[in-house]
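Enquirer: Sequence:
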Amino acid sequence: MEMPFVAIAATKEMRSCRILGLTNENASDKTGAGSEARVTHQKHPAGRIALGMSGGVDSAVSAALLMRAGYDVVGVTCRFQDNAAADCAAADAAAVCALLGIPHVERLCVAGFEREVVQPFATAYVQGLTPSPCVGCNACCKLPGLLEAAEELGCDRVATGHYARIVQLVDTGRFAVLTALDVRKDQSYMLSLLSQDQLSRLVLPLGGTTKTEVRILAADLGLPVAEKPESQDVCFIDGDYRTFLSQRGVTDEPGLIVDRTGKVLGHHEGLSGFTIGQRKGIGIAAPEPYYVVEKRVDSHELVVGYASDAQAVSVRLGKVNWQAITCLEGPEDASVKLRYRSTPAPCIMEPEPEGGVRVVLRSPQPTTAPGQFAVFYRGSTVLGGGMIEEVSSV
RNA sequence: UGGCCCGUCGUCCAACGGCAGGACUCUGGCUUUUGGUGCCAGCUAUCGGGGUUCGAAUCCCUGCGGGCCAG
Numbered sequence: 001m002e003m004p005f006v007a008i009a010a011t012k013e014m015r016s017c018r019i020l021g022l023t024n025e026n027a028s029d030k031t032g033a034g035s036e037a038r039v040t041h042q043k044h045p046a047g048r049i050a051l052g053m054s055g056g057v058d059s060a061v062s063a064a065l066l067m068r069a070g071y072d073v074v075g076v077t078c079r080f081q082d083n084a085a086a087d088c089a090a091a092d093a094a095a096v097c098a099l100l101g102i103p104h105v106e107r108l109c110v111a112g113f114e115r116e117v118v119q120p121f122a123t124a125y126v127q128g129l130t131p132s133p134c135v136g137c138n139a140c141c142k143l144p145g146l147l148e149a150a151e152e153l154g155c156d157r158v159a160t161g162h163y164a165r166i167v168q169l170v171d172t173g174r175f176a177v178l179t180a181l182d183v184r185k186d187q188s189y190m191l192s193l194l195s196q197d198q199l200s201r202l203v204l205p206l207g208g209t210t211k212t213e214v215r216i217l218a219a220d221l222g223l224p225v226a227e228k229p230e231s232q233d234v235c236f237i238d239g240d241y242r243t244f245l246s247q248r249g250v251t252d253e254p255g256l257i258v259d260r261t262g263k264v265l266g267h268h269e270g271l272s273g274f275t276i277g278q279r280k281g282i283g284i285a286a287p288e289p290y291y292v293v294e295k296r297v298d299s300h301e302l303v304v305g306y307a308s309d310a311q312a313v314s315v316r317l318g319k320v321n322w323q324a325i326t327c328l329e330g331p332e333d334a335s336v337k338l339r340y341r342s343t344p345a346p347c348i349m350e351p352e353p354e355g356g357v358r359v360v361l362r363s364p365q366p367t368t369a370p371g372q373f374a375v376f377y378r379g380s381t382v383l384g385g386g387m388i389e390e391v392s393s394v
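With the first letter of the first sequence counted as 1, position 318 gets the number 318 in my numbering; the numbers rise by one all the way through.
No lab work stands behind these hints, which were simulated from the structure alone. You may find that some hints are simply not true.
[Said to hold, decoys possible] Pairwise CB distance ranges, derived in the manner of DEER restraints: (1) 173 x 341: 47 to 57 angstroms; (2) 266 x 219: 26 to 36 angstroms; (3) 114 x 221: 30 to 40 angstroms; (4) 355 x 108: 29 to 39 angstroms; (5) 308 x 114: 15 to 25 angstroms; (6) 327 x 87: 17 to 27 angstroms; (7) 392 x 127: 41 to 51 angstroms; (8) 103 x 341: 53 to 63 angstroms; (9) 242 x 91: 39 to 49 angstroms; (10) 221 x 283: 20 to 30 angstroms; (11) 216 x 44: 17 to 27 angstroms; (12) 240 x 266: 19 to 29 angstroms.
For glycine and all other residues, C-beta sits at the position ideal for the given N, C-alpha and C.
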């Protein structure tokens, strides 16, 4: 046993591929004391790996699973911020590593995080976009940081606690992301910007497990973070969104709330407080709920409409990062997620100049906001993803 | 200041003289590595004063406040 690859049955979408994961990651194995005993006495047959540890339960359990699979695991906590929360996260990760008996290192990534994630986030709001910082963070900050750490630590692979799977397609040799088996926790969307190089070295121990199993395993192992709640909200904003944005120079000006016909319905205190598709917080009583359908940055107008107006029929993407396929040569069918937790919707991908893609939805979908990512799927395979630049509703 | 309508949650609208209900807003919760959506729950009202009645949002009188025809 020298490579951690597992062949899986061919699916309709993929003629064949191999999962880059763990040899014993199957759900049925969670109590498999037998196989566990078999691997623990071996001398790291799977090699040395740098595991990104956030301090949460997912990465903690990932460490244990990697160890079971025969990896020589080094816990790496990237410090994206210099504050108490980061101290706390790092301390939790260190405690887990200590308990598991593996080394733990911290890595300072504050400058890179600021440059690649935080500033672009604020800039997006100035432009009237609704950014999705985690997508960019994974590709431009988290993975690069981990890979650098791996280099320094002599690791040939890296791992994270994302719920998704990675495969290598036999036909083309390309690496692709698959959805997690636990569809409720699937995070493949968040990995859609990863490059081939990043994917080729990434191992995702949790792709074949469920959150429930992870919690159970964490408890069985006595991990101190077993009960830690799910992360949510933007990690670098603790507290008031508005305050954060204003500290970042995002000036917010009041403006009118109008409907599609131009009728004035009310006032708002700043466009950055709204995202397209949003329902709550508009503050206008009407026969039906209003949704934000447009933000007019120049005139500071917020355009609202009923649910029937808050539908997208097509979106235009900037440069798309292709994963399972090399490029798009002509129109092709796929499914697309227009927001992280939305259901993939049937669509046609049409190539546009400079790597862009026009996405024509087979049927109208609840609208989405420029700045969000559209991620293409074929079955459970991620084809690629790109940032939404324009949403068409007619 | 002649005649006629109408005053009910924050908003819009219901309720044969018999427990004031809904929608929207708002608030809280669930869900969630993007304040989105969605789901669940909750708060809040009969314009004031008299009367009739066992009982009034409802009927009568009156005041106040809107609106519409008149001039």
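Enquirer: If a hint holds in the structure, say so; if it does not, say that too.
Expert: Now for the hints, and whether the structure bears them out:
With their beta carbons about 32 angstroms apart, residue 173 and residue 341 fall outside the hinted range of 47 to 57 angstroms. For the hinted restraint 26 to 36 angstroms between residue 266 and residue 219, the CB-CB distance of approximately 50 angstroms leaves it violated. Between residue 114 and residue 221, the C-beta spacing of about 35 angstroms keeps the proposed range 30 to 40 angstroms intact. Evaluation of the 29 to 39 angstroms hint for residue 355 and residue 108 yields a pass: the beta carbon distance comes to about 33 angstroms.
One distance hint, 15 to 25 angstroms for the beta-carbon pair residue 308 and residue 114, is violated here, with the actual separation near 42 angstroms. In this structure, residue 327 and residue 87 break the distance hint of 17 to 27 angstroms, their C-beta atoms being roughly 44 angstroms apart. One distance hint, 41 to 51 angstroms for the beta-carbon pair residue 392 and residue 127, is violated here, with the actual separation near 18 angstroms. Our hint of 53 to 63 angstroms for residue 103 and residue 341 is violated, since their Cβ atoms are close to 36 angstroms apart.
Roughly 30 angstroms separates the CB atoms of residue 242 and residue 91, a value that falls outside the hinted 39 to 49 angstroms. In this structure the hint that residue 221 and residue 283 lie 20 to 30 angstroms apart at CB is violated, the actual value being about 48 angstroms. Checking the proposed 17 to 27 angstroms range against residue 216 and residue 44 shows it holds: the Cβ atoms sit about 26 angstroms from each other. Under the hint 19 to 29 angstroms, the C-beta atoms of residue 240 and residue 266, about 23 angstroms apart, fit the expected range.
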